[in-house]
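In order, the protein sequences belong to chains A and B.
Just so it is clear: in the first sequence, position 180 is 180 by our numbering, and no numbers are missing.
Just so it is clear: in the second sequence, position 777 is 958 by our numbering, and no numbers are missing.
Worth double-checking, as some hints may not be accurate.
[Claimed, not checked] List time: in silico DSS-like cross-link candidates among lysine-lysine, alpha-carbon distance up to 27 Å: (1) B:Lys922 to B:Lys318; (2) A:Lys25 to B:Lys679; (3) B:Lys866 to B:Lys823; (4) B:Lys414 to B:Lys456; (5) A:Lys25 to B:Lys618; (6) B:Lys922 to B:Lys866.
[Unchecked claim] Anything over 12 Å on all C-beta distances counts as not near chain A; from chain B, calculated: (7) Ile234; (8) Ala550; (9) Ala729.
No lab work stands behind these hints: they were computed from the structure.
Predicted, not measured: the structure shown is a model, and the values here were computed from it.
C-beta: ideal position from N, C-alpha, C; glycine also.
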Amino acid sequence: MKISRTFFPILVAAFSAGCDKDDPKPVNEEELITTLTVILETGEPEEGVVLRFFDEDGASGGIAPIVTVDGALKAGREYAAVIELLNETTDPAEDITAEIAEEADDHLFCFSTSEHITVSYDDEDSEGRPIGLVTTWSVSNAGDATVTIRLRHQHGTKTGECPGGGDTDIEVTFDLVIEEG
Amino acid sequence: MGKPILLILFLALAGVANGQVCSEYLHGRISDETGQPLPQAVIQIEPSSYRSISDVNGRFSFSSLCPGEYSLTVTYMGYESASRQVRIPLSEEVIITLQPSRTVLKDVVIEAGVGGRSVTQTSVSLETEDLEGLHGKPLGESLKEIPGVSALQTGPSIFKPVIDGLHSQRILILNNGIRQEGQQWGLEHAPEIDPFIASRIEVLKGAEAVRYGSAAMGGVIIIQPPPLHETEKTGGEINTGFMSNNRMGILSVMVEGTFAPQSPWSWRLQGSSRKGGDYHAPSYNLSNTGLEEFNFSGALGFEDDRRGFEVYASTFNTEIGILRAAHTGNLSDLEESIESGRPWYVEDFTFDIGHPKQRTHHHLLKLSAHQHFPGVGRVSVLYGGQFDVRREYDIRRADRAGRPSVSLNLISHVLDVSLDHERPAHTGSLGINVSTKSNTNDTEVTGVRPLLPDYRQLSAGVFFHEKIRRNKWTFEAGARYDFQYLQVLTFERNQLIKPTFNFNYLSGTLGASILFNPRLRLSSNLGMTSRPPHVSELYSEGLHHGTASIEEGLMRREGEVITDQSSIDLEFSRKWVNSLQYTAERITADFSVYYNAIDNYVFIHPVGTRQTIRGYFPVLQYDQTDVVLAGSDLAVKADIGKRWSVNTKISYVYAKDILNDDVVISIPPAQWDNGITYRPGSIGKLNECFIGVSVPITFRQHRAPRVVAPQDIDEGNSGKIFDFTQAPPGYTLLNVRAGFKLPIGDHTLGVALSGENLLNTSYRNYMNRLRYFADDIGSNFILRLSYNFLSH
């Protein structure tokens, strides 16, 4: 009896699905991050800078990403920075920032900077480790600079140190020009 | 069963158990189907370790037997082995007729069988030990015992067989007569087969594509359960095992019997299960490499002189953890893993299987029937329905952790009809194979764009194959025509497209073999095979989470989808194999040399990187080129005195990309195995005692691609192929095995203890994909118990 109970449904499934002519539907890729935006503010009007990395089809597609820097950083300033993550393939766009904030204990933003820029953390998770959604960017002198932002997914291995264990969910690099203050 | 027989049996077995001397005599004759005597056939009588070899008139005899039930097994090169039950005392002569083997010209056949039935090897008991000594190991790892067969590995539990350098879509597995239609398209996809069902595993390394189709271009692996009609009683076998390295427990139970004495109906039920935790390398735990497996099968058969019928159903279910540290996010992660030299994620031992992991199910229903028509031959009809499920679970964000990133269902139907005829001077067969496949992705479940698209496939082939014998010579010829219809359902910028193809292609084989004397045979075989690329080779696209790389099929280039059939080149192989087999009482040797030229050989290799929001990823592309594979396999086994035996096996394959004057990626390195076994026979009540040492030597792959570290890859890396690291250095391991059989009443308990990698050597294998991240496993002790029983 047990055998027939196990195999009969399999047989039925095998024969009926063999005739299945349903066409597949396009996949709405979940978990996709298309856009990383860094909003930098000094508190002064007209001094705001927006860095944006837009990858229309995420990691699996072949479309090249678009990197834009709107505005210029100025030497001798301290910027309050906020990171926003979006999945813009859905309408309305899905807010991934909230997902990361909810799983703050498993995530860490790492910042690798060239000279002239230092980044410090202004937020922490439930165990006092940094997250990196909110940071302060201190800009010293004028010149060229680069900032690489990595979002590390560190389920169970987060120590607060960079890069630490885990996988990289995001890795983007911005080439910046710092103007004389 | 009557009381007198029971009494005789009891006395007989008591006699055997006490080593008492008996005086019964058994004699017989071995002939082929034309009545010609067969000299030099090996006759094994069980339960006892006696062997006899037939004389020039095909006659053999055994003396000093005790009364009781015995089974005779006859093996003879080029013929199917045969078994016969006898009850002693028996005054008349036992006449055993052997049927020619269907694959007499198969180039090198090395078999290992629980029943000890073997065509080319006479060291029957060693063969039995070989397979018993592999209980609990996956199929692909077990096959590595055969010279010329290696495995493409992903960690300690996933092994894909490689025959003479070819693997994946070019290897056909016949599981109980059915062409296995599993999900073998990825490098981390092992065949979905429980080796416990097999009493015999055979590897055909020649061009067997005529009978089996283009999937057999590289060779055929035949998994054969014992025949259903061997036993007249209810009996069975229980196997258990325990492995120290990953604390794995293994259990297998088999029960078989007939419904009544002399009934043509018989049945078998079999189940097996394995559960293990993390493996460990000599200096760290390989976290998340646990596994769980549950398999079950049942068979019911009818067999009389003229016809036979069988129903067989099996289910294979497994869940395997993938080394956590092998899951890298992007190119920077891969680079860090390679540079650090040890896995970044090492936790304490656990039985829990976390993510990433894969879960696979394979369900099979087989119906087969054959009928003998006098003067015509034997007509066989075989149907196989297979249902495959593959789910791969990745590290995912938010509440998606429980959802797979790959979820594939493959349904296939296979129908084979063949007519085999046997005349004194020639034998042959002609037949037709039809199969359908339908592959679907559950994208609503995964929420991930599928790597392998949905597809529907219909294939049909007709073949004939004829063999003529003239004295010492056998000639063979065969041809096959195949048709394949393939419809792929994929997307180009979210628009469904349905590229459709029709392939027509031919295969053929020619061969000859000469038997210089009953001990020495030389065979030569030339085979030509065409193969349309598999869907995965044509249309894979996307981020393969398991390998942290972007894969692109032949028909996808820079975001464009090619749908034109004229852009597809069929793989075309010409393989020439020559083999020399020497089989004597004390020594057996198999030597083969092959040359295989393949046009439009499909392979996957890293070509560059792609920038995405997750960082840079290596892009692996399928490509085609012309290659040559040439190699040689040697196996020698010799008995020294009555108690010692030695064996050696050497395999080497040389591969060259002749179009680009380059090496070929993922070709197994040279392998040299040596072993020595001491068999003192019986010690007190313990029978078949043995202790053996084996020393497998794996050489470095000197013809590995040049090295380009992940951080140095850029789009300009065209030209010669490359890999991310050097091929690992060669290594030598030390393995020891010992065991005995203990009679308990009329049952038998077998005990075997083995130690693998006894010196706890740290090593990495070129053919193991996890070599970028971690060492292979350290020392492993395995205790195996087997219990044979018959009930009355």
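Here's how the hints hold up against the structure:
1. B:Lys922 to B:Lys318: holds, 21 Å
2. A:Lys25 to B:Lys679: holds, 13 Å
3. B:Lys866 to B:Lys823: Holds, at about 20 Å.
4. B:Lys414 to B:Lys456: Violated, because 32 Å separates the two Cα atoms, which is more than 27 Å.
5. A:Lys25 to B:Lys618: holds, 20 Å
6. B:Lys922 to B:Lys866: Between B:Lys922 and B:Lys866 the Cα gap is close to 9 Å, so the pair holds against 27 Å.
7. Ile234: holds, 44 Å
8. Ala550: Its Cβ never comes within 12 Å of chain A, the nearest being 18 Å, so this holds.
9. Ala729: violated, 8 Å
Comparing the model with each numbered hint stated earlier shows that hints 4 and 9 do not hold.
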